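Put chain B on the given structure of chain A with help from the hints.
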Amino acid sequence: MLKRRIKTSDEIPTSSMADIAFLLLVFFLVTTHFLEEKGLGLVLPEPNPSKDQIAKVRKSNMMYFVVHGSNHIVMKHQDEERVMAVPEIRSFVHARLQANDQLIVSIKPAPDAPYGAMIDVLDELRAADARKITLGQLKPGEG
Amino acid sequence: MGTFKKKTRVDTEIPASSMADLAFLLLIFFMVSTVFKTEQGLKIILPEAEMTVKIQKRRDVRHVWVNRAGTINVDDLPMSSFKMAQILNGDLQKNPGMIVGIRADALAPYTVVNDVLAGCQLAGAFRVQFATTTEK
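Line by line, the protein sequences give chains A and B.
If you count the first sequence from 1, position 41 lands on 40 in numbering that gives the first Met the number 0, and the numbers rise without skipping.
If you count the second sequence from 1, position 100 lands on 99 in numbering that gives the first Met the number 0, and the numbers rise without skipping.
Only chain A is shown next, with the shape it has when bound in the complex:
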């Protein structure tokens, strides 16, 4: 009786290699997500300004936002003083900037205020297109 010889190939099939490699490639392309840097940029002033660098600003051109928390923001402008909610700030500041383009808006967070509350105000000022912004912690006894 004749035995039929079964031929077995001992090579790795190379034709499917491309498919495997592409599969891996697509997998990594889909799963890789790049770390994005997102946020609100700010340029700080120099720490110790000389005398001629200090500009005198009229009181009528200053507007303060004293921040104690997201739900406790006090706006101060000359003799005006009122508690404001975060969404109100944008239209308010925008209107005041229309009336006076020299207006400087100062954010004064209390030392124990949450950082997020300051960002809320800063965000609103950005949205209101306020360019002159100062940022400084509320000093004890102030506000």
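Careful: at least some of the hints might be erroneous.
Straight-line distance between alpha carbons at most 30 Å, and here's what the computed DSS-like set of lysine-lysine pairs gives [as the list claims (entries may be wrong)]:
1. 53/B with 37/A
2. 37/A with 56/B
3. 82/B with 50/A
4. 138/A with 50/A
Sample of chain A residues lacking proximity to chain B, with all beta carbon distances greater than 12 Å (derived) [claimed, not checked]:
5. 6
6. 49
7. 54
8. 57
9. 59
10. 79
11. 87
12. 94
13. 95
14. 96
15. 97
16. 103
Here chain B is said to cover these stretches of chain A; the calculated rule only asks that three of the stretch's residues, wherever they fall, bring their Cβ under 8 Å from a Cβ of chain B [claimed, not checked]:
17. 12-18
18. 39-48
19. 105-111
20. 117-131
Calculated from the structure, these hints are not laboratory results.
On a predicted model such as this, the values are computed, not experimentally measured, just so you know.
Note that beta-carbon positions come from the ideal geometry of N, C-alpha and C, so glycine has one too.
For chain B alone, coordinates are given in the frame of chain A:
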């Protein structure tokens, strides 16, 4: 006089055998060029902001982390704002285009962020960025 013309056969198929090499080349390229985050960072919840913008020069950003309790961390090491200023100043010498990315928790007390900003000023790193997530 008749001559025999040799028929030239042009292969119309794309060579499939080199496809694997091509794919592996791409794979290796992406594996090499992908940069993974080297620092662990802190568990923080960033504040949300509507005006969030993307910073183009990702490689220039130096992170300063502030957690909810108000601890300042640079390169996964807790430190004072003065030590942070020293480190930032050293890094600024190497890369003058450095941007300090402040990644602070939304509930961190503001006084710590104030210290960080003062430290940045001291270090001469005037370009800072408050890391935020896009508001939904």
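Status of the hints after comparison with the structure:
{"no.": "1", "hint": "53/B with 37/A", "verdict": "holds, 4 Å"}
{"no.": "2", "hint": "37/A with 56/B", "verdict": "holds, 11 Å"}
{"no.": "3", "hint": "82/B with 50/A", "verdict": "holds, 29 Å"}
{"no.": "4", "hint": "138/A with 50/A", "verdict": "holds, 22 Å"}
{"no.": "5", "hint": "6", "verdict": "holds, 23 Å"}
{"no.": "6", "hint": "49", "verdict": "holds, 15 Å"}
{"no.": "7", "hint": "54", "verdict": "holds, 18 Å"}
{"no.": "8", "hint": "57", "verdict": "holds, 26 Å"}
{"no.": "9", "hint": "59", "verdict": "holds, 27 Å"}
{"no.": "10", "hint": "79", "verdict": "holds, 24 Å"}
{"no.": "11", "hint": "87", "verdict": "holds, 15 Å"}
{"no.": "12", "hint": "94", "verdict": "holds, 19 Å"}
{"no.": "13", "hint": "95", "verdict": "holds, 19 Å"}
{"no.": "14", "hint": "96", "verdict": "holds, 16 Å"}
{"no.": "15", "hint": "97", "verdict": "holds, 19 Å"}
{"no.": "16", "hint": "103", "verdict": "holds, 18 Å"}
{"no.": "17", "hint": "12-18", "verdict": "holds (count 4)"}
{"no.": "18", "hint": "39-48", "verdict": "holds (count 8)"}
{"no.": "19", "hint": "105-111", "verdict": "holds (count 4)"}
{"no.": "20", "hint": "117-131", "verdict": "holds (count 7)"}
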